Every structure is written in structure tokens, then in C-alpha cells.
Amino acid sequence: MTITTSARRYLHRNVRARISALLALPLFWLVVIYIGSLAALFITSIWKIDTFTSKVIREFTLQNFIDVFTDRAYFNVTIRTLFVAICVTLICATIAIPMAFFMARIARPRSRPILIALVITPLWASYLVKIYAWRTMFYPETGFINWLISPLGGSSPGFGILAVIIGLTYLWLPYMVLPIYAGMEKLPDSVIDASSDLGAKSGRTFFNIILPITWPSIIAGSIFTFSLSMGDYITVQILGGTFQMLGNVVYQNFSLNLPFAAAVALIPVIIMMVYLGSVRKTGALDNL
Amino acid sequence: MAIIEIQNLAKSFGSVKAVDGVDLDIQAGEFLTLLGPSGSGKTTVLRMIAGFETPDSGSIKLNGTDITYLPPYERDVNTVFQDYALFPHMDVLSNIEYGLKVKKFEKAERREKALKALEQVRLAGYENRKPNQLSGGQRQRVALARALVNRPSVLLLDEPLGALDLKLRQQMQIELKELQREVGITFIFVTHDQEEALTMSDRIAVFDKGKIQQLDKPAAIYESPKNEFVAGFVGISNLISGAAAQKLIGKAGTFTVRPEKIRLGMTGSDVRNAEGLIKEVEYLGPSTRFLVQLDAGVELMALRQNSSESAFEVEAMRNTRTTLSWEIASEYQLV
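Residue numbers (the numbering used here), protein chains in the order written: chain L, 1 to 288; chain B, 1 to 335.
Hints listed in this document are in silico derivations from the structure and should not be mistaken for laboratory results. If a hint is listed, it holds; no wrong ones were tucked in.
From the structure, some residues in chain B lie toward chain L, with a derived Cβ separation under 10 Å: (1) V77; (2) Q82; (3) P88; (4) Y98; (5) L100; (6) K103; (7) A143; (8) A147; (9) N150; (10) L156.
Keeping only pairs whose Cα atoms sit at most 16 Å apart, straight-line, the calculated EDC-like set for lysine to aspartate or glutamate is: (11) K211/B x E228/B; (12) K279/B x E299/B; (13) K186/L x D83/B; (14) K61/B x D25/B; (15) K201/L x E74/B; (16) K116/B x E182/B; (17) K226/B x D216/B; (18) K201/L x D76/B; (19) K61/B x D76/B.
Keep in mind the model is a prediction, meaning the values are calculated, not measured. C-beta: ideal position from N, C-alpha, C; glycine also.
Start from the sequences, fold in the hints, and give me the full structure.
Here is the structure:
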């Protein structure tokens, strides 16, 4: 009997061994790479720094957190970042809900795969290409938006918070559309018919029946748009002008003061954990 | 007085004529069943009465008012759906109150009516359950209460018992009929189950190919079917046609006799007698079904009560010769 045969027979008898073999690689990834890097981030944030050489000194301190939470400037950046993430999420939801409704319930079943492909296609293009495209759109004086609204007496808003919100909304919209589409597709026609049968007009059916039933899917989409917006810094650099978000603060600090950058980076992590905790009971996490 | 008048109703889906010229008057307070195989158009007619489909032509009147093109929420009818269509995010009470809430009833009145409806369907005490905590039969009752609490002129039921098991279905048939007598509302009931239709209905409209094949009382539908389709769809039909009809009945045409009207092994005067070979014997418990190949060249099914015979005795009759007889009044000529 060869070794491989006996190993195979051992695995066949032993369920635990089989599951361990199946999960060895994913577990390695999750524990070592993913949780490990988060732990490293946390540990770095409680270390000191030699301000002259920018070298990390492995000694415990809470000074980084005290700086982050007492300095008004960082508080403002946090609020701005939250504001952008919330705006992006709300605009994405406002666009995605009617879009997903059309795709899942009004469009003919035959054209649905095409519509889904159209939603997904932008995800295949490079992130940078799309953001630079938006940069040319927003260019003051020569940009497309300026050309479009200057005859009406306006001018391009230029680079800043508005451009960032529009750019991020464009980037993350598919992540909102797809979960809502999946949720709306599962909704039986008869439930909508029943509401109308019981006397409700379309608006009431939408707000009292369709929206509450698909709410977990909307929350699922919002987890994507919210967390991706919270962590972004490249779009902010390219479209934001002087506007900054938490990601930019991390980016600027990590070569000069790594422990401080780590402390700042923990802010979006904490906000996301609070958000996930608060939406857990909607059942949204079962929909991801 | 007719509460619903349907005239020349037609509806096509693509090239398929789902409903092809239906005329139907439904009387106030009656229990009318639309019976037919799937694709016969019965559900489409119901959905057009409810307002979920718009007809291509024809008209529907409710209480003398034309409702053909009204949206569902402006019609004084309510529907019990095949899959119940309960709102999964609301508890039982909110489901039942939904229609009253839309019609802006006071909260106290709403509550009172909903609890009464819940009692009517024998589900008192379940008001705070969510639909996913109920069994199929209980969901069915909630759907019924949710529709009935609005006191519609007409209640539409789209194969509401289809998903229930046999025992529960038979129990619900009786309850539905009782409930209908109690509330006095007109019921239009769609089913493909002929037994269900015969048990519950005041009248049955048998559908096939988008048309009403026969509209009559259950006994009349069963005893004197108008054509081959009705004879075959409602109950088991024995068809006698062609040369066999000439030999046995002495006339050309197509005739039918119900299996339970045919007697085995007895001859008499004033009856049809026909000899043949028993090909199959099916023991059904209370009765036995015989498939007999007659010498006249036709196969007939005969059903006999097992009043004294055992399964072994009837099994022994296979491949023996016998005489079938039936009264002339039991045979019907089909058009």
C-alpha cells in the first residue's frame, strides 16, 4: 500500500482531518495575513517614535491616540471623511434602488444578464484610468463639465469635495446596485400584487412593502460603499484639490511617523466596526 | 342580480390566446369555481377581475360599474394568492390590518376588525407571529383573513389550497365553504382539482383553451357533461364512439357513461348489456376499479363498491369474462 493511498483512506475515515486539509490555506490567509496585519497595525499604534530619525521605538505609549483625539484638525478630518462616506452611500442608494428595481422587476428577463453586464463592466477598467477620466471632466476652464454648464452662466466646481463625492459615487455604484438587484429579484410578484390588491397605490407599496423587504440588501450595499469611501485616498488626491480625508493623513504620515499613521488608520476601522455592529440585526450581513 | 358581468373578454400573451372570448355572469353570494387544466385561462380571468392584467378586449362590470381598466387598488375585490403573498416583514396582525390602514380606519376599529377576522379563521392568539413562524395551513388562513377583513364585494381565490397536503386540504375545503356561507361574500375560486370544485361550488365554469366549455351546477357538470373535454376532465369518463356506438347504442355519435353507473355480472331488461374481458383490476380499498375490453371494440372502466368482497376475490377476477350493464338514462351524448 502506497503512502498516498493510506493518506487518502485516513482522510476518508477522519472528518476533522478532511476539514483541516480543506481549510488550511484559507485559515493561513485569514489568520496570518489578514488578522495579523490588523494586529500589527494596532501594535504599531502604541509604539513611540524618534522624532529626529523617524525610527520606531518599541516602547508603549498612548500619546498617538491622545494626539489623534485631542487635535481639532484630525477630528475635523474624521467628520469630513464620515460626511463624504455618508453622502456617497446615500447618493449610490438613491440611484441604485430605482435602477435595481427596473433591472429586477420591469426589464424583460432576457435582457437582465445584459443589464448586469453593463453594471459590472466599469469594474473591469482600471481604477486610476476612471479617476483620471473624471479629472479631465472636472478641470476648471477646459474640463467637460465647465464646457457643459458655462453657457448657462455657471462654471466647473473644480477639484474639491464635490468632485470627490461624484468620483467615489461613480466608482462604488456597482457595489450598491448588485446586492439590491439580488434582493429585489427574490421578491415575489404576488407580494407586490397583494399590496395593490389591498388598496395601496404604487408609492405606498414601494415605501411600506418593497423598501422594508429589500432593506437588508440596501444595507449590504451600503457596507461596501461606506467602507470603500472611508478608506479611499487616491481619488481624494486626484480629484480633491486641497481637500483631505483620513486616508490622506495616513498616507502623509507613514514614512515620517508610522505609529501615528497607524493610530489614524484605526479610526475608519473602529467606525466600520461600529457600523457593522449596528446593522447586524437587520440581517444585512446574511445577505453579503 | 349579477354582481360581476364579464363580456367577450380576451387576452393574449404574445401569440398565445390565454383567454379567448369569455362571457360570464356571477351572482351575488354564490361560490363559483373556475375549473380547468393549467394554461386553460382560468387564472388569467381571475387576474383580470383583480386588475393585475389588462384585457385586450371585452369588459368586466362589478355591481354594474365598468372596472375593466381600473387599477387593482380601486376595485372592491380582494385576492387570496396561491403562495399566500403574506408580507414577510410584518406580523400576522399588521398583515391583516394592512388593507384597513390603507383605507384610513381608526386604530381601535382596525384592531377590533382584525382580531375578529383572525378568530373567524380560527387563529386567535397568533397575532404577533411572523409569517415564517407559521405552517402552510396557518399562512393560508392569515391570507384569507387579510382579504376578508376588508369586506370586499367579491373574494378571488387563486388555487389557495394547492400547496396543502391532502388531509388539510379537505378540512380547508369544508371550512372555506362554511366561511363563505357565514360572511355571505361572493367567492370566485380557481382550481385544477375537480374534486375540490365539485365539493365546494354552487356553480362551476369548466375552462379549456381560453374558453368556457360548460357552466353549470356541480351535479350537472358531472352527470351530464356537454362535451368530450368536460367529460374527461371532470371525473373518469368512458367514451363510446364510432363503430362501438353503433353496436352498443344503435346510434352514431360519442356517448359517455360514468364508471360508477356500470354494474358487473348482472343482466336485465331496460338496460344496456355488453360482454367483455376484464383486463385490469385495481383494488382501491372501499371500491374496486375494473378495466373491461368489450367485444364491441371499446374499453370501459367500471367502479364497484367492495361491500362483501376481499382484495383476493377481486384480484381473481382478472382475465375472466363478465357482463357490463348500465341504465340507458346514465348515458349521455356529447356534442
